[in-house]
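Asks: Use the sequences and the hints to build the structure in full.
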Amino acid sequence: MKFIGLVLKGARRSKRRTLLTVMSVAIAVFLFASLRAVLDGFNAATEASSSTRIVTLRSTSLFFSMPTSHAEGIKSTPGVQDLTWANWFGGVYKDPQYFFAQFAIEPDSYLRMYPEIELTPEDRKAFLDDRTGCIVGDGLAKRYGFKVGDKITLQVGIPIYGTRDFDFNVRGLYKSGGAAVDNQSMFFHWKYADERSIQPGQVGWFVAQISNPDQATQVATAIDEKFANSPNETKTDTEKQFQATFVSMFGNLNLLLGSIALAVVITTLFVAGNTMAMSVRERTTEIAVMRTLGFPSSTIFLLVAGEGLMMAIVGGIIGVSLARLIVTPDLMQAGAFIPVFGVNNANAVMALLLSAGIGIFAGLIPATMASRLKIVDALRRVA
Amino acid sequence: MALIELRDVTKTYKRDAIEIPVLDRVSIDVPEGEYLGLMGPSGSGKSTLLNLLAGIDRPTRGSIRVGDTETSSLSERALAGWRARNVGFIFQLYNLIPVLTAFENVELPLLLTNLSKTQRRDHVMTALGIVALSDREKHYPRQLSGGQEQRVAIARAIVTDPRLLLADEPTGDLDAKSAGEVLTLLQRLNKEYKKTIVMVTHDPHAAERATRVLHLEKGTLVEQTPAAVGG
Ligand SMILES: Nc1ncnc2c1ncn2[C@@H]1O[C@H](COP(=O)(O)OP(=O)(O)O)[C@@H](O)[C@H]1O
Ligand SMILES: [Mg+2]
Numbered sequence: 001m002k003f004i005g006l007v008l009k010g011a012r013r014s015k016r017r018t019l020l021t022v023m024s025v026a027i028a029v030f031l032f033a034s035l036r037a038v039l040d041g042f043n044a045a046t047e048a049s050s051s052t053r054i055v056t057l058r059s060t061s062l063f064f065s066m067p068t069s070h071a072e073g074i075k076s077t078p079g080v081q082d083l084t085w086a087n088w089f090g091g092v093y094k095d096p097q098y099f100f101a102q103f104a105i106e107p108d109s110y111l112r113m114y115p116e117i118e119l120t121p122e123d124r125k126a127f128l129d130d131r132t133g134c135i136v137g138d139g140l141a142k143r144y145g146f147k148v149g150d151k152i153t154l155q156v157g158i159p160i161y162g163t164r165d166f167d168f169n170v171r172g173l174y175k176s177g178g179a180a181v182d183n184q185s186m187f188f189h190w191k192y193a194d195e196r197s198i199q200p201g202q203v204g205w206f207v208a209q210i211s212n213p214d215q216a217t218q219v220a221t222a223i224d225e226k227f228a229n230s231p232n233e234t235k236t237d238t239e240k241q242f243q244a245t246f247v248s249m250f251g252n253l254n255l256l257l258g259s260i261a262l263a264v265v266i267t268t269l270f271v272a273g274n275t276m277a278m279s280v281r282e283r284t285t286e287i288a289v290m291r292t293l294g295f296p297s298s299t300i301f302l303l304v305a306g307e308g309l310m311m312a313i314v315g316g317i318i319g320v321s322l323a324r325l326i327v328t329p330d331l332m333q334a335g336a337f338i339p340v341f342g343v344n345n346a347n348a349v350m351a352l353l354l355s356a357g358i359g360i361f362a363g364l365i366p367a368t369m370a371s372r373l374k375i376v377d378a379l380r381r382v383a
Numbered sequence: 384m385a386l387i388e389l390r391d392v393t394k395t396y397k398r399d400a401i402e403i404p405v406l407d408r409v410s411i412d413v414p415e416g417e418y419l420g421l422m423g424p425s426g427s428g429k430s431t432l433l434n435l436l437a438g439i440d441r442p443t444r445g446s447i448r449v450g451d452t453e454t455s456s457l458s459e460r461a462l463a464g465w466r467a468r469n470v471g472f473i474f475q476l477y478n479l480i481p482v483l484t485a486f487e488n489v490e491l492p493l494l495l496t497n498l499s500k501t502q503r504r505d506h507v508m509t510a511l512g513i514v515a516l517s518d519r520e521k522h523y524p525r526q527l528s529g530g531q532e533q534r535v536a537i538a539r540a541i542v543t544d545p546r547l548l549l550a551d552e553p554t555g556d557l558d559a560k561s562a563g564e565v566l567t568l569l570q571r572l573n574k575e576y577k578k579t580i581v582m583v584t585h586d587p588h589a590a591e592r593a594t595r596v597l598h599l600e601k602g603t604l605v606e607q608t609p610a611a612v613g614g
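Quick note, the sequences are listed as chains A and B, same order. For the first sequence, the residue numbers in our numbering are 1 to 383. For the second sequence, the residue numbers in our numbering are 384 to 614.
Keep in mind that the hints were calculated from the coordinates and are not lab data.
Over the 12 angstroms line for every Cβ pair with chain B, so calculated as not near, a few chain A residues:
| id | residue |
| --- | --- |
| 1 | Leu-19 |
| 2 | Ser-76 |
| 3 | Ala-101 |
| 4 | Gln-155 |
| 5 | Gly-177 |
| 6 | Leu-352 |
Computed footprint of chain A on chain B; a stretch qualifies when at least three of its residues, placed anywhere within it, have a C-beta under 8 angstroms from a C-beta of chain A:
| id | segment |
| --- | --- |
| 7 | 433-439 |
| 8 | 455-463 |
| 9 | 468-477 |
| 10 | 488-495 |
Note that the Cβ used here is the ideal one computed from N, Cα and C, for glycine as well.
Replies: Written as structure tokens, this is what we have:
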């Protein structure tokens, strides 16, 4: 314990270098924690997906639609209990930079099948009763200051909806009761969009409620078989796979984010290791003096390694704290497909362990250098 | 029995394939309480000899005994512990740690002992008192004059109360006045505190303070009396 003071004094010696090391670790840890938060968001959304909801798309792609007439066929498939549908609206609020997701939904059935959209009974009723009403997530509301009673105007983003702007009345703010639904979206009546569509009666995707999750595959196959060889063939998956399809639209995220994190960590290792080696080289005489006074080489090793570890952990704490402050669903401009999850405790602990790991590995060589120093050679170097 | 006993100590350095002989079969006895001066031209092996005594270097051949300890046969770790307990080393360039205050510099060797914080404080203040720098405990080395720095270094060397003080040209970098103070201090440590001192020096005035002076030339010894050195 009495050596802690020595370690601290050592780190204060070259403030700029200590700052550089601390900040490089802080940045690495910040990036690591942020990237993990994004991955956590994806995984949580996938994990939390209901296993009793299956999603039917046009087999070609997410961006092609199907006729409403498919509803009958899906509903009559054995095992299907309930059905709803939705469209991606893609409207523009003020300016494309204010991006958020808007879904045109069949309101009654959608709210019934997605209990994760939590609304007060009054708001729910107000929304259902208003053809041009909408509900917005509380996170989104906070971001743009939406309140119940506000009017939101969206410009048309997909030409199929004509050219006239859409006006909506905010009828409620919903809370997200599960990661399958984020709190950054807007939902409104499918009919309202459909009325103005130049190609009415089109649905982006159907969601079916099934009675037994174990039958998901059979039911999905049965649905797709119904529409096989029709002009509108379908592809039905569990909600989990549907989420995964969304994710895969961004390429192999896990690998990409993983490689970025790895590159940053390795760079930091070199930066921290190099600055520490520099400071050991500068302190050659001092280390030789301490050895002359009787400090064993093991103690010297621990002092140098301890200094590196301390700087790295301080950097780690800064990085994690920043990530916790900045990477939150409310502060990030979260899009529809990128659920931002925030830095959870497991992530924070991992990031701190990472910083400690960086500290230990970066300090290994400099500490060994310091402890192996030959006293007389080191003393002669100045004389 | 002498406190220090060097027997046929030989030291050669290897540079690439060439062996450089530095000390050649040097034998010295230093009785307890002696103040020994070591003189000789530059490169004659004085520092090498002192480093061997201090246990920060090892002889190529021969034996070194200090007290009951055969230092030339101790392991690295044991030797470090032995140094901490038995040797105070004073360098020509003081070698204080620049980021530590005078107090912290003097306290450094005590961090290796089991003393409590209060006991360490007592020891440090006593040592600073002996070198007459009690009022400078909070100063950093750059805020001290060369003479004061060297006195702090002496306090650091005596704070563990070692029986042996080794000084390598302790006045080599000081003006005459500061050098005089440092020499008086060393003399006091020898007389009043019964420290055995071995001091390497260039300076005949410094050597005059010693009770005995040895001359080293090209790695071998020539014994002379202090009177003979003065002339
Ligand atoms: N670590 C070393 N490696 C190689 N040569 C050394 C080393 N230390 C000392 N020497 C050589 O040994 C000789 C004596 O050095 P030293 O003991 O420092 O002399 P002095 O202190 O009397 O001036 C010199 O020629 C020096 O170059
Ligand atoms: Mg010398």
